[in-house]
Amino acid sequence: MRNNTSDMPYPESSTLYRLKTRLVPWLFLAPFLVLTCTFFVYPFLNAVALAFRQTNGPASNVFVGWDNFRFVLTDPDFHTAVKNTTVYALASVFVQLPLSLGLAMLLNAGRSRVKNLFRLVLFSPHLVGQIFVGILFAVLFMPRYGMFNRFIQALTGWGLEQRWLSTPALVMPALIITSMWLYVGFNMIYFLAALQNVDQNLVEAARIDGAGPWAEFVHIILPAIKPVAVFVVVLSTIGSYQLFELPYALLQGFGPKNAGLTIVGYLYRTAFDSGDLGTGAAIGWLLALIIMTISIVQIRVAKAMGGEA
Amino acid sequence: MNSLHWSLILLACIFVVLYGLFPRNRAIAFTYLRYVVLGIAAWIMLAPFAWLICSVIKDKDVLMTYTFLPPIREWSRETLNLDNFRALFAGEQSLRGTVYFWQYIVNSLFLACTMTMVQLFFSSLGGYALAKYDFKGRTWLMFYMLGTRMVPGLLLLAPVYKMMFNFGWMDTYWALIVPGAANVFGMFLFRQAMLNTPDSLIEAARIDGCGEFSIYYTVVMPLVRPMTGAFCLVTFMGSWNSFLGPQIYLQSKAKLTLPVILNQYVGVYQQQYGVFLAGTLLAIIPPAILFFALQREFVAGLSSGAVKG
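Residue numbers (the numbering used here), protein chains in the order written: chain A, 1 to 309; chain B, 310 to 618.
In case anyone wonders, no lab produced these hints; they're calculated from the structure. The model shown is predicted, which means the values in this text are computed figures rather than measured ones. Every residue gets a Cβ at the ideal spot worked out from N, C-alpha and C, and that includes glycine. Worth double-checking, as some hints may not be accurate.
What the hints assert, rightly or not - Taking CB as the label site, the calculated pair distances span:
1) G456/B with A30/A: 14 to 22 Å
2) V301/A with F474/B: 53 to 61 Å
3) L317/B with E216/A: 41 to 49 Å
4) V528/B with N201/A: 51 to 59 Å
5) A321/B with K115/A: 47 to 55 Å
6) A49/A with L313/B: 18 to 26 Å
7) T407/B with G157/A: 31 to 39 Å
8) N475/B with L160/A: 22 to 30 Å
9) L117/A with G518/B: 44 to 52 Å
10) G576/B with L235/A: 51 to 59 Å
11) A30/A with G576/B: 41 to 49 Å
12) R333/B with M305/A: 51 to 59 Å
13) T340/B with L45/A: 56 to 64 Å
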């Protein structure tokens with residue numbers, strides 16, 4: 001028998017054993033601690049300092065007080081960026097997510113093998129990175145040649161020559177369509193998981209009591225999936241406000257008249273194309289502020305709505 | 310009227326027929342309608358992929374002529390060939406000699422594999438320390454980790470960029486691999502999975518004289534296999550598709566990754582969509598293969614918690 005105390009390499013009473021058990025977890029965490037201090041704590045503090053400095057490339061800088069923030073907040077391009085990003089976020093929440101939920105409900109009623117197949121197909125766009133989706137859709141949206149215009153043409157007899165990506169008013173719709181293709185299936189997975197936990201007895205009871213499909217949806221399904229729905233809405237909003245790669249590849253830049261400029265696009269252009277890292281840090285803070293505020297408001301609203309029901 | 314209209318009309322007619330045929334059981338008609346809607350959604354998701362594959366094997370002379378493939382009687386070397394791939398792999402001049410496309414594939418593969426391995430090791434090691442050791446400061450550490458998740462990564466972009474410049478890590482892979490080597494998301498994931506592994510197994514190994522690191526490596530890691538698969542998949546895809554990091558840190562052509570170079574190709578091959586679309590198709594394939602290979606582990610990792618007795 002080996003499990004007897006005298007055979008143990010380090011008896012529990014020995015100093016060596018105690019020192020060892022105390023050190024081991026910190027040793028295992030050491031890589032994380034070193035990395036997080038270097039690449040999180042320090043840059044985080046540095047982001048505060050940097051936001052108040054004017055920089056020209058990474059090498060030189062001067063203290064300028066609130067000038068960076070003042071510049072950004074009065075820059076019409078920043079206003080355009082905030083407007084575009086907000087339109088995109090609203091479309092994500094009010095067009096894309098209901099569509100995801102609708103598909104999830106259609107799918108949830110089906111048989112499980114069919115369900116798995118459709119789930120895989122609808123999820124598949126999410127395997128493709130934003131940049132590759134952007135490149136692909138840049139060609140799909142081309143006038144004459146692009147599949148999208150040909151499809152619209154076949155359906156309505158009009159639209160073959162439409163220049164989606166070089167007409168300022170059509171840039172956002174094109175971007176939203178692209179992002180719907182990419183994310184509808186992904187968000188559907190969350191809703192599908194939530195729908196599978198809806199109490200079927202409750203649904204049955206409502207049907208026996210003569211509740212129509214709409215009443216069933218509003219009074220039974222919606223409350224049941226609310227926690228997941230709030231989670232998806234908050235996550236989707238946070239993601240929307242950090243949008244950059246998709247429009248950057250789709251429009252090969254920021255689009256005509258900055259029609260596809262997002263907040264992160266504006267940050268990228270300021271910090272890395274123009275080399276103004278200080279202003280870049282200031283934009284980073286403003287972005288963090290926007291995201292925090294919206295998330296908190298969303299969660300508050302969700303709680304308040306839960307109180308009524 | 311074209312074939313698209315006719316097929317839509319046909320689908321609608323079948324619904325009307327089913328609706329009229331089974332007045333007692335309207336569910337049949339609505340089940341049919343559900344599958345039609347799901348089918349259309351699936352078609353929309355898959356059509357860009359189908360279109361992409363068709364586009365890259367078409368010759369550039371007929372690229373614009375057909376939306377998908379030319380009719381079978383016109384199939385020949387002149388209409389369908391691999392010229393796009395030949396042009397893609399031909400190599401191009403740069404300041405430091407010719408760069409071939411396979412170089413970018415190798416770069417992307419190398420980076421994605423290295424980052425996956427490194428993150429897997431450090432994150433699981435940290436997660437193990439958090440899950441299986443009771444030490445002073447553990448709760449505080451976890452609070453700190455949660456706090457770091459609240460800060461949008463983009464806020465740190467400018468200060469980290471400045472640091473990389475000071476480290477002399479510009480135009481090296483260090484700037485991409487090191488900062489995220491031990492990430493909070495992975496540590497929480499592994500902690501959660503490892504909480505479920507039985508303590509008795511670890512105790513038994515310890516009594517048998519197994520070192521602390523060997524316990525982690527040979528006892529605990531094999532038990533969290535499904536989570537490992539899921540984590541590798543997510544990390545590999547994240548790295549393979551990442552654009553912003555490589556775009557701002559890498560400069561010399563021979564070091565670029567697929568998302569960066571393909572985004573540049575959109576501008577370079579303006580009249581030859583086929584060439585960069587061929588590259589995009591190749592860039593989509595590896596994550597797809599990995600997803601289908603690890604799909605079972607991925608699903609198992611997501612629904613983990615059910616531990617075999």
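Now for the hints, and whether the structure bears them out:
Look at G456/B against A30/A: about 20 Å separates their beta carbons, and that is inside 14 to 22 Å. The hint said 53 to 61 Å for the Cβ distance between V301/A and F474/B, and at roughly 42 Å that hint is violated. Distance hint for L317/B and E216/A: a CB-CB separation of about 29 Å, inconsistent with the stated range 41 to 49 Å. About 43 Å separates the C-beta atoms of V528/B and N201/A, a value inconsistent with the hinted range of 51 to 59 Å.
As the Cβ distance of A321/B to K115/A is approximately 25 Å, the hint placing it in 47 to 55 Å is violated. At roughly 60 Å, the beta-carbon separation of A49/A and L313/B lies outside the given 18 to 26 Å, and the hint is violated. The beta-carbon spacing between T407/B and G157/A, approximately 49 Å, falls outside the hinted interval of 31 to 39 Å. For the hinted restraint 22 to 30 Å between N475/B and L160/A, the CB-CB distance of approximately 53 Å leaves it violated.
Between L117/A and G518/B the Cβ separation comes to about 51 Å, which falls inside the hinted range of 44 to 52 Å. Restraint check, G576/B to L235/A: a C-beta distance of roughly 33 Å breaks the suggested window 51 to 59 Å. Judged by the Cβ atoms, the range 41 to 49 Å given for A30/A and G576/B holds: they are separated by roughly 45 Å. The given range of 51 to 59 Å is broken by R333/B and M305/A, whose C-beta atoms sit roughly 40 Å from each other.
Against the hinted window of 56 to 64 Å, the Cβ-Cβ separation of T340/B and L45/A comes to about 60 Å, which satisfies the hint.
Checked against the numbered hints listed earlier, the structure breaks hints 2, 3, 4, 5, 6, 7, 8, 10 and 12; every other hint is satisfied.
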